[in-house]
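Based on the sequences and whatever the hints tell you, model everything.
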Amino acid sequence: MLRFILTRVSLVIPTFLGITFLTFILIRLVPGDPIEVRVGERGIAPERLAQFRHELGLDLPLWRQFLDYVWNVMTGDFGVSLITHNSVLSEFVTLFPATLELALAAMLFATLLGLPAGILAAVKRGSLFDHGVMGISLTGYSMPIFWWGLLLILFFSVGLGWTPVSGRLDLLYYIEPTTGFMLIDTLLVGEYGAFWSALHHLILPTIVLGTVPLAVVARMTRSAMLEVLGEDYIRTAHAKGLSDSRVIGLHALRNALIPVVTVIGLQVGTLLGGAILTETIFSWPGIGKWLIESIGRRDYPALQGGVLLIATSVIAVNLLVDVLYGVLNPRIRHAR
Amino acid sequence: MKRILLGAGLGMAAALALAAPAQAAKTLVYCSEGSPENFNPALNTTGTSWDASLPVVSTLVQFERGGTKVVPGLAESWTISDDGLVYTFKLRAGIKWHSNNDFKPTRDANVDDVIFSIERQWKKEHPFHKVSGGAYDYFADMAMPTLLKSVEKIDNLTVKITLNEVEAPFLANMAMAFMGIQSAEYAEAMLKKGTPEKVDQVPIGTGPFQFVAYQKDAVIRFKAFDGYWGGKQPIDNLVFAITPDAAVRLAKLKAGECHVMAYPNPADIEAMKKDASITVQEQEGLNVGYVSFNTLKKPFDDVKVRRAISMAIDKKAIVDAVYQGAGVPAKNPIPPTMWSYNKAIEDYPFDQERAKKLLAEAGYPNGFETDLWAMPVARPYNPNAKRVAEMMQADLAKVGVKAKVVQYEWGEYRKRMQQGEHLMGMLGWTGDNGDPDNFLYTLLGCEAARPGGNNLSKWCNKEFDGLVVQAKRTNDLAARTKLYEQAQVIFKEEAPWYTIAHSVVYMGLNKAVQGYKMDPFALHYFDGVDLKQ
Chain A
1 MLRFILTRVS
11 LVIPTFLGIT
21 FLTFILIRLV
31 PGDPIEVRVG
41 ERGIAPERLA
51 QFRHELGLDL
61 PLWRQFLDYV
71 WNVMTGDFGV
81 SLITHNSVLS
91 EFVTLFPATL
101 ELALAAMLFA
111 TLLGLPAGIL
121 AAVKRGSLFD
131 HGVMGISLTG
141 YSMPIFWWGL
151 LLILFFSVGL
161 GWTPVSGRLD
171 LLYYIEPTTG
181 FMLIDTLLVG
191 EYGAFWSALH
201 HLILPTIVLG
211 TVPLAVVARM
221 TRSAMLEVLG
231 EDYIRTAHAK
241 GLSDSRVIGL
251 HALRNALIPV
261 VTVIGLQVGT
271 LLGGAILTET
281 IFSWPGIGKW
291 LIESIGRRDY
301 PALQGGVLLI
311 ATSVIAVNLL
321 VDVLYGVLNP
331 RIRHAR
Chain B
1 MKRILLGAGL
11 GMAAALALAA
21 PAQAAKTLVY
31 CSEGSPENFN
41 PALNTTGTSW
51 DASLPVVSTL
61 VQFERGGTKV
71 VPGLAESWTI
81 SDDGLVYTFK
91 LRAGIKWHSN
101 NDFKPTRDAN
111 VDDVIFSIER
121 QWKKEHPFHK
131 VSGGAYDYFA
141 DMAMPTLLKS
151 VEKIDNLTVK
161 ITLNEVEAPF
171 LANMAMAFMG
181 IQSAEYAEAM
191 LKKGTPEKVD
201 QVPIGTGPFQ
211 FVAYQKDAVI
221 RFKAFDGYWG
231 GKQPIDNLVF
241 AITPDAAVRL
251 AKLKAGECHV
261 MAYPNPADIE
271 AMKKDASITV
281 QEQEGLNVGY
291 VSFNTLKKPF
301 DDVKVRRAIS
311 MAIDKKAIVD
321 AVYQGAGVPA
331 KNPIPPTMWS
341 YNKAIEDYPF
351 DQERAKKLLA
361 EAGYPNGFET
371 DLWAMPVARP
381 YNPNAKRVAE
391 MMQADLAKVG
401 VKAKVVQYEW
411 GEYRKRMQQG
421 EHLMGMLGWT
431 GDNGDPDNFL
441 YTLLGCEAAR
451 PGGNNLSKWC
461 NKEFDGLVVQ
471 AKRTNDLAAR
481 TKLYEQAQVI
491 FKEEAPWYTI
501 AHSVVYMGLN
511 KAVQGYKMDP
521 FALHYFDGVD
531 LKQ
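Protein chains in written order, with my numbering: chain A, 1 to 336; chain B, 1 to 533.
Don't read these hints as lab results, they were simulated from the structure.
A portion of the hints provided could be inaccurate.
[Said to hold, decoys possible] Straight-line Cα separation of at most 16 Å, EDC-like style, residue types lysine to aspartate or glutamate; simulated pairs: (1) LYS297/B - GLU421/B; (2) LYS402/B - GLU369/B; (3) LYS90/B - ASP155/B; (4) LYS415/B - ASP33/A; (5) LYS90/B - GLU76/B; (6) LYS316/B - ASP351/B; (7) LYS492/B - GLU463/B; (8) LYS130/B - GLU55/A; (9) LYS160/B - GLU76/B; (10) LYS216/B - GLU176/A; (11) LYS404/B - GLU369/B; (12) LYS415/B - GLU47/A; (13) LYS298/B - GLU421/B; (14) LYS124/B - GLU47/A; (15) LYS193/B - ASP102/B; (16) LYS511/B - ASP530/B; (17) LYS343/B - GLU284/B; (18) LYS331/B - ASP314/B; (19) LYS96/B - GLU185/B; (20) LYS216/B - GLU293/A; (21) LYS124/B - GLU55/A.
Laid out in structure tokens, this is it:
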């Protein structure tokens, strides 16, 4: 098992280098450097431009900038935002918990609804329920996040007044961040009203962000279950006289879970991508909004650092999923 | 870990502001469009960042709320020497500074603070010059480094500023946020603590509101400052709820989650006007979008060609189709809200027959080929340059002029236009200090016609230039107005630009908001604003 994990981890290093290189190059391929973007139509005197470029190290050859960057990152220095002049790492650490909280909530929402829906649809294959679930999940999968988010806001927040329009917490409360997870921080200070407010604020963004993963999980669970339910050992289990719930819950589900876990793992990337849009709609103070702004302002260090750190978390989750496989299915860990 | 319930203050008011009991603290929530870069307006150039520091900071002189007229601020009076070179400002006595957990002021604001605020931006060896990146773009853009000769302390409340040359717009520059007065005592305290950048992140000022807290990308909190030199504010708390999407800002306004929203979508204006709970305010922006004709290159060196093109394009159709209510057709290079705007001037009519005739007279009976540059980005004065270019292209084709639309990346685009590489090209300008000089001299004067300068048409008309330079060198407002009015006449006759439009800016307000005045510079001020309960 240890050997398996170590092999996996060692594969991560080239991935990291690749990502660093890609983000470094891509943002520089976007025309316009941070200073020119800042000055807009006002323009800037050439000598001032040269001075700023020099101060930011933008006048060095690209390979040199890249090597400096890699070296700094290896020593844990992600640089300083060109816009706010705060350390990129500290900005990321401030904002990331909000994204993570939203992503986890969305994942939970997708899994808790998607798994049972998929299982039921598979068991009652061809029924009205099955068609209903598949139809809805196809719709959910095709729904543009922006449109879906605004629709929910207009209906539930503006029309019915059930949920707040946007933000993370009612302005009534001011919670000094401890963990950065609003649900935890509010409980830590014993402010239950704030906890309910945070939960309330979480509802719509969770639904919007969780819709696509929900559809994917439901469909995947259904097809995996259908495949497993057709296996001989299921028939054997039935023949032994085991109850339906035991056959489905124990024999079928455990085997069907493997592809589902894979898909859930892969959804982490989708979730972080979707979070960027969801955060913009719901004014959610996470990394999504931060990254979009960094692109607009050509804030190289913030963008590079941000993408690298997100990539790290996606890689970490995938690693976790790989290890989880091993737990679920011993054949996989022995095969390597 | 600590929880701060903001006095009885922020209390219920924020959530239930509209239904709050009479004695409760009044909290005004403003749905802003983005996060500030920091809280020092000297360091940044965006309206979003300036908005966030305006509640806190005061300037020596300021713009009259809702206008461009300069009125007293921290300085209760000032004199200008007869030669126009020496400005003496007399500060009010007893101006109080804000305080926070790290800093308690021991003295009132005085001339040391004024000198600190100017020298930080001006002197490279100043201990704060490099703090927080040290890019004082506006200080440089308004030519302050070359303009200033000396800043001297006469006594604690009197400061004498000497210029190298007469510059009438100087007073307006002093009213701009970048000249906000910072506390020298606070700066010194933070420098001693080893955290000088805190001065720009946790601001201390003399303005109507004190900074309370900022949570990045989420919320900025201020509370009314009891010691404000202009008197206590009608509201108790001011909260910026950062909401980047315009549709969501509108939803929040409708749901009562904010009282004031910035920048609604033009498409939503009609519906907003019909909503009984919302007031819509509108104002023409202090800007202009235009097409520059490169007067150094054929065929645009011929004024007949420039006039012909000006008559060949259907301006109204463009403004209707592209601006969708967020713009008005422009005839002058300065916006209508600016003093000295010449109302009497008549724009070129849309008359393609006359245009053809003029082209024939100029020796182009069959038209010619030209380029037509379009900005790659949306700007307030031109929301979709590509679309505008396509409409112009179609109009020009009808008089035989084949225009090829050219686009570059934004930074590159501006640089090449400033070099004068285009024949026809679009750009625009947003006013800085409300002074016509900031348009007429900055964009059309001979000095700016050099390669790389902001006079994109490279148009150097001695008569026009004489007028705007003369207007710069006198402090008599009436005389300046006359000079600028005349300059606009020459501009229209010579047609170095095809003026397209001025933007119209809208604001959405809850009916409970009282006394809010839109700012011609498109900034957002909340002093004096009240909530009817």
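Hint by hint, here is what the structure shows:
no.: 1; hint: LYS297/B - GLU421/B; verdict: 9 Å, holds
no.: 2; hint: LYS402/B - GLU369/B; verdict: 5 Å, holds
no.: 3; hint: LYS90/B - ASP155/B; verdict: 9 Å, holds
no.: 4; hint: LYS415/B - ASP33/A; verdict: 13 Å, holds
no.: 5; hint: LYS90/B - GLU76/B; verdict: 6 Å, holds
no.: 6; hint: LYS316/B - ASP351/B; verdict: 13 Å, holds
no.: 7; hint: LYS492/B - GLU463/B; verdict: 13 Å, holds
no.: 8; hint: LYS130/B - GLU55/A; verdict: 11 Å, holds
no.: 9; hint: LYS160/B - GLU76/B; verdict: 14 Å, holds
no.: 10; hint: LYS216/B - GLU176/A; verdict: 12 Å, holds
no.: 11; hint: LYS404/B - GLU369/B; verdict: 8 Å, holds
no.: 12; hint: LYS415/B - GLU47/A; verdict: 14 Å, holds
no.: 13; hint: LYS298/B - GLU421/B; verdict: 12 Å, holds
no.: 14; hint: LYS124/B - GLU47/A; verdict: 15 Å, holds
no.: 15; hint: LYS193/B - ASP102/B; verdict: 10 Å, holds
no.: 16; hint: LYS511/B - ASP530/B; verdict: 11 Å, holds
no.: 17; hint: LYS343/B - GLU284/B; verdict: 15 Å, holds
no.: 18; hint: LYS331/B - ASP314/B; verdict: 13 Å, holds
no.: 19; hint: LYS96/B - GLU185/B; verdict: 13 Å, holds
no.: 20; hint: LYS216/B - GLU293/A; verdict: 12 Å, holds
no.: 21; hint: LYS124/B - GLU55/A; verdict: 14 Å, holds
This entry satisfies every hint, going by the numbered hints stated previously.
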